[in-house]
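Protein chains in written order, with the numbering used here: chain A, -6 to 266; chain B, 118 to 538.
Take these hints with a grain of salt, some might be off.
With a straight-line cut-off of 25 Å between C-alpha atoms, the simulated PhoX-like cross-links for lysine-lysine are [stated by the list, open to error]: (1) A/K35 to A/K48; (2) A/K53 to A/K153; (3) A/K122 to B/K434; (4) A/K160 to A/K122; (5) A/K53 to A/K35; (6) A/K85 to A/K188; (7) A/K48 to A/K91; (8) A/K153 to A/K188; (9) A/K35 to B/K434; (10) B/K434 to A/K48; (11) A/K122 to A/K85; (12) B/K434 to A/K91.
Derived from the structure by calculation, the hints contain no laboratory data.
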Amino acid sequence: MADAAPARGGFRGGFGARGRGRGRGRGRGRGRGRGRGGKDEKEWVPVTKLGRLVKDGKIKVLEEIFLFSMPIKEFEIIDTFLGSALRDDVLKIMPVQKQTRAGQRTRFKAFVAIGDSNGHIGLGVKCSKEVATAIRGAIVLAKLSIVPVRRGYWGNKIGKPHTVPCKVTGKCGSVQVRLIPAPRGTGIVSAPIPKHLLTMAGIEDCYTSARGSTSTLGNFAKATYAAIAKTYGYLTPDLWKENVFTMSPIQEFTDYLMKNHRQVQTQQREEGQ
Amino acid sequence: MASGGGSVPTVLLGLEDAPLSPAEESRSDLTVSRLGGRPDWPADLAPPPPQPVCDRCGRPQPLVTQIYAPIGASAYHRTLYLFACVSPECANESGAWRCLRAQQRAAAERSEPESTARASQPAAAAAAAADWLDSADDWGDGDGGWGDDDGKVDNSSAGGIDNVRSNTGTGGSGDNMATLTPSLQKLALDVDNANLAASGDPPAASAEVEPASEEGVSPEPVAPPTGDLRALLAARPAPPAGTVTFRPTYLSVIEEPAPRAAASHHELDLLRQYQAREGVNMAQLSAGGGGGGGTAAAAAEVYERAAPAHGDRLLYKLIQRLELCPAQVLRYGRDGGAPLPLAPLPAGWAPVCAHCGGPAVFELQLLPTLVSRLRAADSQGAERTGLLEFGTAIVYTCRDSCWRDGDRPRAETVLVQAEMQ
């Protein structure tokens, strides 16, 4: 750098290496308006437009965001809606090794599942040098991956929905997990990992069937999560009329585009020759 | 990896501070860093520059922020002024922003350069002393060493094979047999991922629905959406007809805090519950991991890059950095800092100074957290935030900060990135 001895831009009361405490410029000595170490510092300041709308209370229910398929990029959005109802749980912490010339380096991989037992489920995986950091990172990722869970009735449509709405299969690596609707009162018939996830999702009765190397916990959990997430991922006949889809611009101006498209094609052919 | 063994460059953060009273506003000068208000040009600039207008629509541009940032032992006061257009059509456009740099020779500051040089030497020495520790910590969280080396050491389950190769390559023939055996013992077959294409990434999950074959199973009814989220997202507050001025507030400057090492109560609780349930403890895990790396269960799990479900990695990284200090609105990193972009920088992006032709370096970056902090009156006269919308604004300034006495304020490069939907 062309700068002289102070390698950091030094200065007298603004930005730079010195003057940090007097960042407010010369001649101003009074204390900070808002306490630096106070609660204000850790309050959530939204970074995305969706976050700003949520913070201002313009969105009433989390379902609205899901119904419009908007990606949720800040986990505080989930906290605002589900907050205390959310329960997180560490599924597994395992050491992961990296071979280096100096020997083996161990990192910890944490699997965290999060859900409110009433229609929302998330799964997060994070590796880190320290266990606590891995858990914290996995909780954030789990919140970001929260999806709504559609439930259904087996037989009589009385009471609340209690089982999966159809047979779904989730696949990850060599593991395949199949969820099958079950009558009320069956409970969840499965191995511990899917049972944990299904309970957190709010599904009360379900038969499951698993194939593949289910001892690979990561793949097993991800396959179950994918299967549960898929319950909302398909369109049943009762949804055909619900959403009024606005015509996409392509549809609206199809005739216009057809004419122009033909023109461009002929131009290209001419240029090519 | 961190650049050449040197310390990690310090990034300074700007936080919104108390508002200025009208008396303070009149007393404010070019050495005050603040948001909003009217620009304080250097006193010797006559006539004072007019309010800039937007290149795209011709509206006058209000001052977004004024940053006092002299460089090193330079004898100049140096201030950057950032202006932006508030029309909804000009949102997120680099052409609607303008950065001007003005410098003023500082009188009676002659003695300062020597004292600053002396003061900075112990600081530099202290920094150098701390350097050797920094480089020892060569893997960061999710990027840097581990992720980059993925190409060299593939799956840790198959890591044994790589080791064998490197051992036979480097060692003499006599050493091979001794080093081969333990490495061979660590070889394990990656059964679960065997049928997938060899890659460092963990397998992705997928799911499918079976066509309904059972009668009597019915899904729960779904309520249609009550509000129109798309309209809400597209809505922009209408700016007033006349000139807009943002409410002036001071900017306070702090160094970026180090990542906190302490674990919160919640994480420790979760860890304790897990340990009680599984009947293991952390010491056992680390020891078990170090010694018994050859077991199939441990070898089957590979390192996974943290990938957020929404897929926007750059925003995820930005949010992680912001977590160190959520109240920050501005990041200053002229001495070696790098911006945190929302989208990849354009290929071959090498800004140059418009005046001297020399290269321009990254100086500061405005963060999206600023959008909900800038207050101004809208067309109805009510004071509200969100009038100026942007993702991030990255400012590049002349590396040599070219300036001659008597110059008019010079334009610098601003790159504005929109928030990705």
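Against the structure, the hints come out as follows:
{"no.": "1", "hint": "A/K35 to A/K48", "result": "holds, 15 Å"}
{"no.": "2", "hint": "A/K53 to A/K153", "result": "holds, 23 Å"}
{"no.": "3", "hint": "A/K122 to B/K434", "result": "holds, 18 Å"}
{"no.": "4", "hint": "A/K160 to A/K122", "result": "violated, 40 Å"}
{"no.": "5", "hint": "A/K53 to A/K35", "result": "holds, 24 Å"}
{"no.": "6", "hint": "A/K85 to A/K188", "result": "holds, 15 Å"}
{"no.": "7", "hint": "A/K48 to A/K91", "result": "violated, 42 Å"}
{"no.": "8", "hint": "A/K153 to A/K188", "result": "holds, 20 Å"}
{"no.": "9", "hint": "A/K35 to B/K434", "result": "holds, 18 Å"}
{"no.": "10", "hint": "B/K434 to A/K48", "result": "holds, 21 Å"}
{"no.": "11", "hint": "A/K122 to A/K85", "result": "holds, 16 Å"}
{"no.": "12", "hint": "B/K434 to A/K91", "result": "holds, 23 Å"}
The structure shown violates the earlier hints numbered 4, 7.
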